[in-house]
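Peer 1: One-letter residues, chain by chain:
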Amino acid sequence: MLAKHGAAARVLAGGTDLIIQAREGRRDVAVMVDVKGIAEATQLSLAGDGALRIGAATSCSAIYHNKDVAKAFPALIDSASLIGSVQIQARASIGGNLCNSGPAGDSIPTLIALGAACHIAGPAGERTVPVEEFCTGPSRNVLQNGEMLVSISFPAPAAHSGAAFERFIPRNEMDIAVVNACSNVTLSADGQTFTAARIAIGAVAPTPLYVPAAGAALVGQPVSDATIAKACEAAQAAATPITDMRGSVEQRHHLVGVLVRRTINKAVKRARG
Amino acid sequence: MSKRIVSATINGEVNEFLVEPYHTLLEALRNELGLTGSKEGCGNGNCGACNVVMNGQLVNSCCVLGVEANGATITTIEGVAEGEQLHPLQQQFLEDAALQCGICTPGFIVAAKQLLETEQDADEERMRHFLAGNLCRCTGYDKIIKAVINARDVMRSTAGAR
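So the sequence lines, in the order shown, correspond to chains A and B.
Reading the first sequence from the start, the letters are residues 1 to 273 in the working numbering.
Reading the second sequence from the start, the letters are residues 1 to 162 in the working numbering.
Treat the hints as calculated values from the structure; they're not laboratory data.
Don't be surprised by glycine CBs; every beta carbon is placed ideally from N, CA and C.
Heads up, none of these hints are tricks.
Heads up, simulated PhoX-like pairs for lysine-lysine below, C-alpha to C-alpha not over 25 Å straight-line:
1) Lys230/A <-> Lys266/A
2) Lys71/A <-> Lys266/A
3) Lys3/B <-> Lys36/A
4) Lys269/A <-> Lys230/A
5) Lys4/A <-> Lys3/B
6) Lys36/A <-> Lys4/A
Restraint-style ranges between C-beta atoms, simulated for each label pair:
7) Glu95/B <-> Ala156/A: 49 to 59 Å
8) Gly12/B <-> Val219/A: 52 to 62 Å
9) Glu125/B <-> Ala51/A: 31 to 41 Å
10) Glu133/A <-> Glu117/B: 41 to 51 Å
11) Glu13/B <-> Pro123/A: 35 to 45 Å
Examples of chain A residues lying across from chain B (beta carbon under 7 Å, computed):
12) Ile20
13) Gln87
14) Ile88
Kindly generate the complete structure, drawing on both the sequences and the hints.
Peer 2: What follows is the structure in structure tokens.
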């Protein structure tokens, strides 16, 4: 169906973006293909070794209501439980958030920091793309006509690792991030040294941004305010925000530093258990 | 494009109806089934006035296609009272004057019922958080929250008495 109709066809998952866009005339959709009947697209599978596979159409609430997933991937729950309202979370999917490819998508920095991969199927076969390479611009991604995102896979969390996501919004609920960030850190067995780290930030560039330099600033260094400040500076240096109705360039630069610091501290706390 | 046949259990009764593939569940409920209790506020998932419970989940019916309801079990505001017997939330909204224009009220009651049925010990903070997807432009929310707190207490004491 997707291959036959090309650009006129869209995959329907939770519909919280697509149905609205189509009805408000912001997107020309001749054919919607509901993929929620495909088991692979709605799976939530935690393997024995701790790796996780989430169907692209699996709803946010299905994810945060799964106790095992919530325990193993708390950063994913941070994201899934603040996208929209309870009503939106009952339908909206992580895969949809990713395919919408908004620069401020609240699940995307988390997927990047957790090292997730996108599993894509199309007429030419299947391919796998790291999440940090999926988005190519505002509302743009690597999907070709006829292709669909089927699922997202996460490696098992390393021993002594922890991750956390936060966003800044001027309200308590229901808003689009001015800046968001996720940090995923692995510590030495004694919990005193960073041994690996992945940090991603959102709403400060045309796409959610993976910042390898911020992670590199932590690795091999002791867990301290001074080390964490270096990672924050690296993240701020990578951000290229704009001024718009939600925030200014200066505010966003400042917030990158604040949120990267907070998420690293929270991740360290979770890593130490 | 031709209309599709949809079969769904709505407020305990199996209903078959025709719906355009591009119509929302809200449009189907209001225009095909005459269940006009669910309101269209924003039509884009922000305000919650169209809230229904579908397969055990609280959803905005304006963000669901009618055809997606095929085989589903749905409760609307019309299914909240038992005959002439108002639900404690409905009774409390009246007693606490928790409505003014009333457009948001069906959504608030459906949403609050979902909360109190799944979390009977929900506190005020949890209520305000859970109901963040329901907007009211008249009351300022305090009376709504007060009614939900009082309904929670009524529901708890009734459950305890059983």
